[in-house]
Amino acid sequence: MIKEKAFTQLIQEHQGMLFKVTSLYTDTKEDQEDLFQETVFQLWKYFETFRNESKITTWMYRVAMNTAITHLRKSKKRPNAVAVEHLVMLKTENHDPVWEDRLRQLYQQLNKLNVLEKGIMLLLLEDKSYKEISEITGLAPSNVGTRISRIKKKLRENLVK
Amino acid sequence: MEWEELQATWAQLGQELEEQKKLTKEIIMKMTQEKFTNKFRTLTQIETVGAIICYAAAIGVLVNFNELNTWYLALCGILTLAFITILPTMVLRALAKIRNLNIIQGTFKDNLRTYTKAKNHLLRLQRTGIMASFVSLFICLPVAAKLLSNKNIFEIGLKPTAWIGLGVVVILMFFFSRWGYRGYKKVTSAAENLLRDLE
Numbered sequence: 168m169i170k171e172k173a174f175t176q177l178i179q180e181h182q183g184m185l186f187k188v189t190s191l192y193t194d195t196k197e198d199q200e201d202l203f204q205e206t207v208f209q210l211w212k213y214f215e216t217f218r219n220e221s222k223i224t225t226w227m228y229r230v231a232m233n234t235a236i237t238h239l240r241k242s243k244k245r246p247n248a249v250a251v252e253h254l255v256m257l258k259t260e261n262h263d264p265v266w267e268d269r270l271r272q273l274y275q276q277l278n279k280l281n282v283l284e285k286g287i288m289l290l291l292l293e294d295k296s297y298k299e300i301s302e303i304t305g306l307a308p309s310n311v312g313t314r315i316s317r318i319k320k321k322l323r324e325n326l327v328k
Numbered sequence: 768m769e770w771e772e773l774q775a776t777w778a779q780l781g782q783e784l785e786e787q788k789k790l791t792k793e794i795i796m797k798m799t800q801e802k803f804t805n806k807f808r809t810l811t812q813i814e815t816v817g818a819i820i821c822y823a824a825a826i827g828v829l830v831n832f833n834e835l836n837t838w839y840l841a842l843c844g845i846l847t848l849a850f851i852t853i854l855p856t857m858v859l860r861a862l863a864k865i866r867n868l869n870i871i872q873g874t875f876k877d878n879l880r881t882y883t884k885a886k887n888h889l890l891r892l893q894r895t896g897i898m899a900s901f902v903s904l905f906i907c908l909p910v911a912a913k914l915l916s917n918k919n920i921f922e923i924g925l926k927p928t929a930w931i932g933l934g935v936v937v938i939l940m941f942f943f944s945r946w947g948y949r950g951y952k953k954v955t956s957a958a959e960n961l962l963r964d965l966e
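Protein chains in written order, with our numbering: chain A, 168 to 328; chain B, 768 to 966.
In short, the hints are calculated from the structure, not lab data.
Keep in mind that this is a model prediction, so the values were computed, not measured.
The reader is advised that the hints may include incorrect statements.
Label-pair restraints from in silico Cβ distances [as the list claims (entries may be wrong)]:
#	chain 1	residue 1	chain 2	residue 2	range
1	A	ALA173	B	PHE943	41 to 51 Å
2	A	THR224	B	LYS797	18 to 28 Å
3	A	LYS172	B	THR883	26 to 36 Å
Glycine included, every Cβ here is placed at the ideal spot set by N, Cα and C.
Can you make the complete structure from the sequences, with help from the hints?
Rendered as structure tokens:
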């Protein structure tokens, strides 16, 4: 019961983060929900093995991103279309079409990146440090820096187009 | 859009999500449990369709049972009825038992023990069903011939072409059964691995 309580609390606290990761790697609402469910299940599976050697969010990102990549491999496709409806699950009282349009554009840009770049970009947008990105992705910190420069360059070029 | 704008848009998404936290404890645990249950969804669907067909056939035999006018045809009818009602029911019950296993509550050891027992029962049922289906083919055939074409094949026998057809059916059944059984083993092993992962 203690495990269950701690786990549900953790998921409740970080459901927004899980939503972001799962929506980035899927292109339909159904697929996103399926990936979300799979991610929660994977987190439950490995919850007891988490040893506080890293931050709990670092561990969660790692599991979520690995699950998303495995999910992509299984479905043998890359998400391409940007269905903002599934991003904006979100029936906001303050409906903001400008922000929704920007969000759509942002996802369009992210979808032009490959799987790893997309993950790095997500973590960067989440304000993670290079060290944390390195811990989550398993890349060397110096490699993270190089990749981020490349991604930003790629994005800048795309945005100019 | 500039980098700062991307970041601001992303941050606003975070805020919107934060305001809309909608997962309850019940939903979270239900999602976890469902992942396990879903492993058996396709099997249950296939078996349910199969069971409905069997029950429909059983009703057909029952309604026309008086046409089986010799003791041996009546015996074949009873055996056919038993085969097409008991076995599908047992398979559905075994599947339900596995699907109802609560992986959230109970200890890992208990869950695995219950699952292994249910799995072995299900696989044993499948093996029995496969063997019984070969025998029942020869039992159902006179019943079907009598009810569908009003022919008593015990008296008139089978034409050579019918024997060939029967041989082809047996061969196809063999391959189909092997494929089906392997599918069962695959799904049950995957679910068992999933349980072992929870250790």
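Satisfaction of the hinted span 18 to 28 Å by the C-beta atoms belonging to THR224(A) and LYS797(B): holds (24 Å)
Verdict for ALA173(A), PHE943(B) (Cβ pair) under range 41 to 51 Å: The hint (41 to 51 Å, Cβ to Cβ) holds, given that ALA173(A) and PHE943(B) are roughly 48 Å apart.
For the hint 26 to 36 Å, verify it against the beta carbon of LYS172(A) and that of THR883(B). Hint holds: Cβ distance 29 Å, inside 26 to 36 Å.
Checked against the numbered hints above, the structure breaks none of them.
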